[in-house]
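Novice: The listed protein sequences derive, respectively, from chains H and G.
Residue numbering for the first sequence is 11 to 360, as defined by my numbering.
Residue numbering for the second sequence is 895 to 1112, as defined by my numbering.
Simulated from the structure, these hints should not be mistaken for lab results.
Treat the hints with care, since some could be wrong.
Anything over 10 Å on all C-beta distances counts as not near chain G; from chain H, calculated [to be verified]: (1) I225; (2) Y282; (3) F285; (4) L288; (5) K358.
Among the chain G residues that face chain H by a calculated CB cut under 7 Å, a handful are [claimed, not checked]: (6) G920; (7) S1045; (8) L1062; (9) P1063; (10) V1094; (11) I1097; (12) P1107.
C-beta atoms are modelled at their ideal positions from N, C-alpha and C, and glycine is treated no differently.
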Amino acid sequence: MRGYWWKFAGVLIFLYVLIGGMTIPTKAGIISVIPGNALSGESLNLMITGYNTHFTECTELRAWLKLDSVHVVKSKTIKKISERTAEFLFHIPSVFPGKDKVQPLTLIIDNEIDGVFVQPNAVFITVNDSIAPDSSDWLLGSLENLHEAKGTKFPFRNILNETIRNTFFHVALWFAMFVLLILGVYHAIQYLITREYDHDILSSSYHRIAIMYGIFGLITGSVWAKFTWNTFWTTDVKLNMTAVAMLIYLAYLVLRGSSSDYDRRAKISASYAIFAFLALIPLVFVIPRLTDSLHPGNGGNPALGGEDLDHTLRLFFYPSIIALILLGLWMSELLTRYERLKEKILLKNQ
Amino acid sequence: MNITKVKDIFLKELSIEFRQKFALAGIFLFASTVVFLIFKSFNNINPREWTILIWIIMLFAGLNAIVKSFLQEKKETYLYYYTLFDPLDLIIAKLLYNFVFLCFLFLIILGLMGLFTGFPVKDTGLFLTGAAFGLFGISIVFTFVSVISVSESGNSTLMSILALPLVLPILLLLLKITAVSIRLLTDTAIMEDVWMLVGVDSILLGAMLLLFPGLWRS
């Protein structure tokens, strides 16, 4: 039991990520706003469809249209239709600051259950040439008494919607893959130094599991891309460079399968593994940073930081990395033991 | 490293190459046949196709050419070399020879393509710089992989399986540099890609020089 605690830990943490990551709801959000444009100075009846919202259950439902940090309009009357849909009546002011002919307004909705949620550029206002300012003017000043959402919830992002949970699997798989690859390369170097066959077994087991993780990472990414970018495969650099990296590592498997002489195979595949890893660094870390990519965090800035990773996501993302690393170590240990047994039988039969 | 020895091995490779004229002629025949085939099937080739085709022809002609660089000699000869040379001298000479050979092959393919399909390159300096560094990278990968396939008792299928994925990053950079030099793309930061190519080359070169002595011992 004492030696196996990390295997149990891996399984338990992964179950925690699987259950928590799949069942916790996302925060409220806005799916559609109809109509999407209006004229200045008229009253606007906005039909809003929300996601995970509680319009009829809540008591304090408020909505604003916001131009900038000081220019805000509050909705006059609200007609609740269902939990998900409601109608908000606004009087759009006739005088707008700035000279732009068309100005975007941000919709902000707040209630005590869902907290505050926002749809940027919800309504585009075409500004009329008006002479006199009317009574329904801007509510100057910042918004106050906004609510926080109750309970632990994942952030709601447009386009991403519920697929934001894939962060725990897709991104974490790449982290775990790199840890396993580094271990594999470490044992390849150790093999070349010490010439102990055991290092070759370890190195090949880590590499095989890392390649499996890489393929899983590509599959989860591909499915994710279908739901966010609307295609299974894009011309995105990161995607294609990773595919190249996977091809290089699949060639490693071919190389290992091609020879029956154990010592020679060990030496060649160790050399190839080091060579492939060095070829991988510019491929995955340097080139995608220099070119445009659909992935978050390109153009030189790291992907994990700022608003991309909410603290509720962190609560599952980091454990997921740890769990996948532990499970990967366990799987490669099983492979290692299998290979060692095969070697033992081979020696016995001779 | 010993410069005179490197030179000796280099000259030896060259003389062997010229002694086996049929192999040399075979490669050039391959290149010209493919270029002619492309010319006949496309009739009117546009710059985008030109960019892709020249590197694909180069890749396969180069692969054919280098496969035999280590495979053409017998096992006993290698044993003899092993007693005679430092492994570092041998690999540097082989690498330089392969590089020069690939450059020569590239110029011939370029000439044939120019003859049949025109020469759309606008920024010749950028094109040739990129091509030189790219060919150097390709020759490093091919040399390294041919060493591996020689220790696998001269398996030339293995060579193409291992070499093609490894040259892909270099080839992608090369395609981008070529596209910019033909003005298919505009990129003010194209020098960054050239430097990246230099970086990839030096990483691969370092790895090969470190790993070769160990592989060579078998």
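Novice: None of the hints should be skipped; say for each whether it holds.
Specialist: Evaluated hints:
1. In this structure H/I225 is separated from chain G by more than 10 Å, as the shortest Cβ-Cβ distance comes to about 15 Å.
2. Listed as outside the interface, H/Y282 is inconsistent with that label: its C-beta sits roughly 6 Å from the nearest C-beta of chain G, within the 10 Å cut-off.
3. Separation of H/F285 from chain G is inadequate, the least Cβ-Cβ distance of about 5 Å not exceeding the 10 Å criterion.
4. Against chain G, the non-interface label of H/L288 is violated: not every CB pair exceeds 10 Å, the least being about 5 Å.
5. H/K358, annotated as away from the interface, keeps every beta carbon of chain G farther than 10 Å; the closest lies near 27 Å.
6. Contact between G/G920 and chain H, as hinted, is not supported at the beta carbon level, the nearest pair being about 26 Å apart and thus beyond 7 Å.
7. Taking 7 Å as the C-beta cut-off, the interface hint given for G/S1045 holds, the closest approach to chain H being about 6 Å.
8. Evaluation of the G/L1062 hint against chain H yields a held restraint, the C-beta minimum of about 5 Å falling below 7 Å.
9. A least Cβ separation of about 5 Å between G/P1063 and chain H falls short of the 7 Å threshold, and the interface hint therefore holds.
10. The beta carbon of G/V1094 is positioned within 7 Å of a beta carbon in chain H (closest approach about 5 Å), and the interface hint is therefore held.
11. For G/I1097, the interface hint holds, the least distance from its beta-carbon to any beta-carbon of chain H being 5 Å, beneath 7 Å.
12. Interface restraint check: G/P1107 against chain H, minimum CB-CB distance 10 Å, threshold 7 Å, status violated.
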